[in-house]
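Could you put together the complete structure from these sequences and hints?
Here is what each chain is made of, one letter per residue.
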Amino acid sequence: MTVPPITVADFCEKLGAAPPTGLNNKALTGIMTLERAGEQHVSFVMKEKHLAAAQQSKAAVILAFEKLNFNHPRVVRVRDLMGAVLTAMEYFHPESPSTGVVHDSAIIAKDVKLGTNVQVDAQAIIESGAEIGGNTIIGAGVFIGARTRIGSGCIIAPRVTILHECHVGSRVRIHSGAVIGADGFRYEVARGRLMKIPQVGSVVIGDDVEIGANTTIDRAFLDETRIGNRTKIDNLVHIAHNVIVGTDCLIVAQTGAAGSVKIGNGVIIAGQVGIADHIEIGDRSRIGGKSGVTGDIPPGSDLIGNPAIAPRDYARFTHFYKNISSYMKRMRVIDREESRDDE
Amino acid sequence: MTVPPITVADFCEKLGAAPPTGLNNKALTGIMTLERAGEQHVSFVMKEKHLAAAQQSKAAVILAFEKLNFNHPRVVRVRDLMGAVLTAMEYFHPESPSTGVVHDSAIIAKDVKLGTNVQVDAQAIIESGAEIGGNTIIGAGVFIGARTRIGSGCIIAPRVTILHECHVGSRVRIHSGAVIGADGFRYEVARGRLMKIPQVGSVVIGDDVEIGANTTIDRAFLDETRIGNRTKIDNLVHIAHNVIVGTDCLIVAQTGAAGSVKIGNGVIIAGQVGIADHIEIGDRSRIGGKSGVTGDIPPGSDLIGNPAIAPRDYARFTHFYKNISSYMKRMRVIDREESRDDE
Amino acid sequence: MTVPPITVADFCEKLGAAPPTGLNNKALTGIMTLERAGEQHVSFVMKEKHLAAAQQSKAAVILAFEKLNFNHPRVVRVRDLMGAVLTAMEYFHPESPSTGVVHDSAIIAKDVKLGTNVQVDAQAIIESGAEIGGNTIIGAGVFIGARTRIGSGCIIAPRVTILHECHVGSRVRIHSGAVIGADGFRYEVARGRLMKIPQVGSVVIGDDVEIGANTTIDRAFLDETRIGNRTKIDNLVHIAHNVIVGTDCLIVAQTGAAGSVKIGNGVIIAGQVGIADHIEIGDRSRIGGKSGVTGDIPPGSDLIGNPAIAPRDYARFTHFYKNISSYMKRMRVIDREESRDDE
Numbered sequence: 159m160t161v162p163p164i165t166v167a168d169f170c171e172k173l174g175a176a177p178p179t180g181l182n183n184k185a186l187t188g189i190m191t192l193e194r195a196g197e198q199h200v201s202f203v204m205k206e207k208h209l210a211a212a213q214q215s216k217a218a219v220i221l222a223f224e225k226l227n228f229n230h231p232r233v234v235r236v237r238d239l240m241g242a243v244l245t246a247m248e249y250f251h252p253e254s255p256s257t258g259v260v261h262d263s264a265i266i267a268k269d270v271k272l273g274t275n276v277q278v279d280a281q282a283i284i285e286s287g288a289e290i291g292g293n294t295i296i297g298a299g300v301f302i303g304a305r306t307r308i309g310s311g312c313i314i315a316p317r318v319t320i321l322h323e324c325h326v327g328s329r330v331r332i333h334s335g336a337v338i339g340a341d342g343f344r345y346e347v348a349r350g351r352l353m354k355i356p357q358v359g360s361v362v363i364g365d366d367v368e369i370g371a372n373t374t375i376d377r378a379f380l381d382e383t384r385i386g387n388r389t390k391i392d393n394l395v396h397i398a399h400n401v402i403v404g405t406d407c408l409i410v411a412q413t414g415a416a417g418s419v420k421i422g423n424g425v426i427i428a429g430q431v432g433i434a435d436h437i438e439i440g441d442r443s444r445i446g447g448k449s450g451v452t453g454d455i456p457p458g459s460d461l462i463g464n465p466a467i468a469p470r471d472y473a474r475f476t477h478f479y480k481n482i483s484s485y486m487k488r489m490r491v492i493d494r495e496e497s498r499d500d501e
Numbered sequence: 159m160t161v162p163p164i165t166v167a168d169f170c171e172k173l174g175a176a177p178p179t180g181l182n183n184k185a186l187t188g189i190m191t192l193e194r195a196g197e198q199h200v201s202f203v204m205k206e207k208h209l210a211a212a213q214q215s216k217a218a219v220i221l222a223f224e225k226l227n228f229n230h231p232r233v234v235r236v237r238d239l240m241g242a243v244l245t246a247m248e249y250f251h252p253e254s255p256s257t258g259v260v261h262d263s264a265i266i267a268k269d270v271k272l273g274t275n276v277q278v279d280a281q282a283i284i285e286s287g288a289e290i291g292g293n294t295i296i297g298a299g300v301f302i303g304a305r306t307r308i309g310s311g312c313i314i315a316p317r318v319t320i321l322h323e324c325h326v327g328s329r330v331r332i333h334s335g336a337v338i339g340a341d342g343f344r345y346e347v348a349r350g351r352l353m354k355i356p357q358v359g360s361v362v363i364g365d366d367v368e369i370g371a372n373t374t375i376d377r378a379f380l381d382e383t384r385i386g387n388r389t390k391i392d393n394l395v396h397i398a399h400n401v402i403v404g405t406d407c408l409i410v411a412q413t414g415a416a417g418s419v420k421i422g423n424g425v426i427i428a429g430q431v432g433i434a435d436h437i438e439i440g441d442r443s444r445i446g447g448k449s450g451v452t453g454d455i456p457p458g459s460d461l462i463g464n465p466a467i468a469p470r471d472y473a474r475f476t477h478f479y480k481n482i483s484s485y486m487k488r489m490r491v492i493d494r495e496e497s498r499d500d501e
Numbered sequence: 159m160t161v162p163p164i165t166v167a168d169f170c171e172k173l174g175a176a177p178p179t180g181l182n183n184k185a186l187t188g189i190m191t192l193e194r195a196g197e198q199h200v201s202f203v204m205k206e207k208h209l210a211a212a213q214q215s216k217a218a219v220i221l222a223f224e225k226l227n228f229n230h231p232r233v234v235r236v237r238d239l240m241g242a243v244l245t246a247m248e249y250f251h252p253e254s255p256s257t258g259v260v261h262d263s264a265i266i267a268k269d270v271k272l273g274t275n276v277q278v279d280a281q282a283i284i285e286s287g288a289e290i291g292g293n294t295i296i297g298a299g300v301f302i303g304a305r306t307r308i309g310s311g312c313i314i315a316p317r318v319t320i321l322h323e324c325h326v327g328s329r330v331r332i333h334s335g336a337v338i339g340a341d342g343f344r345y346e347v348a349r350g351r352l353m354k355i356p357q358v359g360s361v362v363i364g365d366d367v368e369i370g371a372n373t374t375i376d377r378a379f380l381d382e383t384r385i386g387n388r389t390k391i392d393n394l395v396h397i398a399h400n401v402i403v404g405t406d407c408l409i410v411a412q413t414g415a416a417g418s419v420k421i422g423n424g425v426i427i428a429g430q431v432g433i434a435d436h437i438e439i440g441d442r443s444r445i446g447g448k449s450g451v452t453g454d455i456p457p458g459s460d461l462i463g464n465p466a467i468a469p470r471d472y473a474r475f476t477h478f479y480k481n482i483s484s485y486m487k488r489m490r491v492i493d494r495e496e497s498r499d500d501e
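Protein chains in written order, with my numbering: chain A, 159 to 501; chain B, 159 to 501; chain C, 159 to 501.
Derived from the structure by calculation, the hints contain no laboratory data. Hints should not be assumed to be uniformly reliable.
Because identical chains share one entry, a pair is satisfied inside a single copy or across any pair of copies.
To be verified - In silico DMTMM-like links for lysine to aspartate or glutamate, alpha-carbon gap of 25 Å or less:
1) K480 - D460
2) K205 - D381
3) K271 - D366
4) K487 - D471
5) K216 - E289
6) K271 - D435
7) K205 - D238
8) K225 - E171
9) K420 - E382
10) K216 - E382
11) K420 - E206
12) K216 - E206
13) K354 - D238
14) K205 - E224
15) K420 - E289
16) K268 - D381
If you want it as structure tokens, here you go:
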């Protein structure tokens with residue numbers, strides 16, 4: 159979508175910031191990184207280490223935190239730098255709203271309830287009894303199973319699979335290849351052999367959630383796998399059956415939460431973390447990358463490693479590990495002590 | 159699918175169990191967890207720690223192991239608790255059988271052989287020379303490549319991709335987003351530079367196998383990547399080219415087996431495990447979560463860690479690791495000893 | 159595709175090798191492993207440990223490195239064994255070229271530019287403004303977003319998703335389920351709360367790249383996520399926004415590179431590796447399986463472990479770790495020493 163240029167004065171007015179001297183009428187056409195910005199671009203300097211790049215940038219104006227030590231004739235100083243960047247993003251890259259058009263090739267069961275202005279792209283399939291809220295965009299080739307309900311203002315990207323009887327809130331984004339509602343993985347010995355335990359529950363996703371590409375969220379055994387409001391999940395994450403994720407969590411790529419894990423509110427989990435089944439992670443905890451969580455974690459914990467321990471202890475361990483050669487020498491000394499003892 | 163209610167007496171007869179006094183004619187309409195069960199539900203108590211929830215449950219009847227210390231007016235005691243739960247699941251949540259309907263929008267090559275009563279959902283594609291056994295369900299948007307054969311009674315979920323010349327047994331479930339038969343990943347120096355080695359073998363999947371969402375199983379270089387009968391594979395697992403997985407294995411989410419790995423029968427591999435190429439894992443071995451397997455493993459092994467070691471040693475290591483601060487102190491003591499020695 | 163048989167003499171002429179005595183006119187119909195080869199197959203012996211299998215093989219001729227200690231009446235000795243195997247692969251398993259046929263069910267926007275002889279399979283979707291180079295094959299059910307450009311001679315396997323405004327080079331293979339150009343995962347505190355930072359950049363993939371099944375490569379914030387020429391990426395790999403991967407790299411399955419990582423040229427990264435955000439990995443570095451990379455790595459480094467260290471140190475650490483019981487004993491001795499000290 160192409161938007162009209164905006165003058166520096168008008169743009170700065172949106173930010174509530176003072177425009178640089180003499181640039182009021184200059185036209186801005188986009189936002190770009192310092193290195194790639196052209197003479198009609200807004201850019202921004204986030205960190206001190208980018209000051210050199212900022213000095214060399216061709217950008218028409220450069221957004222900077224008001225207290226940054228950065229003298230530049232074209233700087234625009236703001237208190238909320240990220241908010242200002244977002245304002246620029248919203249102006250130059252507005253979200254495409256739903257067109258409200260249902261493509262001819264979409265296959266929608268007769269009893270599906272579509273809200274007002276729902277966009278359904280080519281080859282999407284929506285099965286019987288499903289409900290889609292107003293202004294939601296169902297991307298090309300999306301599959302929505304029977305009786306699944308999706309709220310309003312969602313963006314379901316091309317080739318997402320949401321199986322039957324799931325519930326997705328409003329303003330949710332789900333990225334391509336994600337699979338919501340596949341069977342949980344549970345086998346038990348019954349009748350003398352290993353049997354699949356059918357998974358007939360559902361997945362319930364709150365409002366304002368984002369789910370990454372090729373992530374999988376399995377349906378519960380009997381009740382619900384749940385993702386809380388405003389939680390953001392990255393790509394290739396595995397959320398097993400009966401997991402409950404709270405609100406306002408960030409879960410980074412390739413992390414896996416095994417069956418019945420409970421994750422509190424405001425938890426941040428870095429990439430490639432594994433969480434063993436039935437573990438509870440308290441509110442506002444933070445788990446470092448590649449950690450293995452094998453025990454319950456109280457609220458506000460900060461942990462890393464496999465198994466996950468306090469960062470201070472982990473730093474000590476990695477000091478030992480990185481300097482293993484010198485520690486090995488010390489430990490060999492002990493051998494000598496021992497043998498002397500034995501004499 | 160809605161099923162008719164069943165009386166407590168009839169339900170208990172199915173289980174070969176004694177109905178609770180006075181409840182013979184009570185109607186049961188479903189099975190649910192202790193917390194969510196209503197007055198017409200069957201529920202069940204699996205573990206002692208759920209006894210309090212069981213006491214408070216509204217469930218009409220509560221299944222329990224015959225020796226569980228649980229006094230309750232509505233308990234139904236059984237020897238095979240999981241078997242009884244399965245009986246309830248089978249009654250209240252029967253599998254939907256194939257409808258035998260081929261959707262108009264499915265694209266099926268003329269020479270494809272469909273068995274009796276095969277269901278092919280919207281937009282599925284079945285290419286030339288493929289064969290599908292009786293009562294198999296091919297979900298919406300599934301792709302089945304040329305000359306691939308699939309057995310009878312399979313459930314291939316929406317958006318599964320099974321590429322050309324693969325062979326899937328009978329009663330196999332493959333979940334959405336799984337990719338069977340993509341090229342193996344092999345590059346070798348030839349003609350003076352790194353060359354792709356074409357992968358022209360196939361994938362052969364046995365009977366009663368389950369394959370999770372977004373899992374990938376690559377085709378072999380020349381012969382076959384194989385998954386044995388009754389093996390169950392979770393989501394986002396990577397099975398590389400020429401891997402041979404035995405029968406009755408469980409492979410949990412996000413695990414990866416590199417090229418030419420051989421996994422025996424009855425092996426259990428937890429989540430996020432990595433197995434280096436050409437490794438052999440003996441029958442009935444168990445590998446703990448997040449382990450790295452870099453050497454052959456004899457049958458019956460129980461291993462965990464990276465590299466994978468015996469659980470007793472791993473427990474000692476994690477004791478050391480978790481108490482690194484106190485061990486570091488001890489090791490610093492040695493420094494003092496050493497320097498005293500040197501005096 | 160079935161190819162005509164070739165005589166041993168003609169095949170050996172292709173290799174520039176001497177045919178075994180008396181076999182000139184024997185017809186060859188394929189290439190197979192030593193164990194499975196029949197009397198009309200070419201086979202090959204790669205390693206000394208396969209010599210016994212080679213002796214027992216029924217293969218018509220057996221390719222072997224010229225210096226291999228292998229006496230056999232049907233051996234064909236070559237200097238470039240892998241090159242000879244490739245010659246056999248190319249003869250017996252030639253790539254199917256583009257048919258140039260566009261399937262009726264494909265949905266292609268009117269303004270899409272298709273080069274000469276482009277094959278578009280069933281249900282592929284190509285959106286407005288996209289461009290596809292000559293002889294490229296767009297598999298069944300592939301989604302190509304608006305204004306995305308794809309070079310010539312590419313093979314885009316069934317069910318690949320390439321979102322809008324990405325750029326794929328020539329002779330690129332992308333395997334099923336891969337998602338190119340989903341939003342990067344970035345949230346920042348702005349306007350007093352955690353906000354999604356829109357991702358409006360693109361993904362640029364060079365020439366001769368291969369991308370594995372269900373791998374995800376996210377679009378950049380403002381500029382480009384880049385994959386260099388001849389780089390090969392395995393299955394289920396995660397490449398975050400703004401990552402730059404150089405040329406001639408190999409990235410094995412289930413590895414993840416977080417935002418803004420820079421990977422040099424000729425880098426080899428084994429499976430299940432995690433690379434923290436903003437890290438730089440120098441040219442020709444090699445990272446072992448399951449490693450965690452949390453600091454910059456100079457060119458030519460060889461590292462393994464989490465955090466990644468030199469292989470020699472890692473070997474020492476794993477020696478300690480595997481022998482933890484005996485080291486624990488030594489460390490307990492120190493306790494005794496200490497207490498004696500204290501007396």
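Cross-check of the supplied hints:
1. K480 - D460: Close inside one copy (22 Å) and across copies (15 Å); limit 25 Å.
2. K205 - D381: For K205 and D381, the Cα distance is within 25 Å only across copies (18 Å; inside one copy 47 Å).
3. K271 - D366: within (21 Å within a copy, 37 Å between copies)
4. K487 - D471: So K487 and D471 pass the 25 Å test inside a copy (22 Å) and across (13 Å) alike.
5. K216 - E289: neither (50 Å within a copy, 31 Å between copies)
6. K271 - D435: neither (37 Å within a copy, 43 Å between copies)
7. K205 - D238: Within one copy, since 14 Å is at most 25 Å while 52 Å is not.
8. K225 - E171: Close inside one copy (20 Å), not across copies (75 Å); limit 25 Å.
9. K420 - E382: Only inside one copy: K420 and E382 sit 12 Å apart there, 37 Å across copies, limit 25 Å.
10. K216 - E382: Intra 53 Å, inter 19 Å, cutoff 25 Å: inter-copy only.
11. K420 - E206: between (39 Å within a copy, 20 Å between copies)
12. K216 - E206: Answer is within: at 18 Å inside a copy they meet the 25 Å cutoff, but 62 Å across does not.
13. K354 - D238: between (53 Å within a copy, 15 Å between copies)
14. K205 - E224: within (12 Å within a copy, 59 Å between copies)
15. K420 - E289: Close neither inside one copy (28 Å) nor across copies (44 Å); limit 25 Å.
16. K268 - D381: Neither, since 28 Å and 43 Å both go past 25 Å.
Hints 5, 6, 15, 16, counting from the list given before, are not met by this structure.
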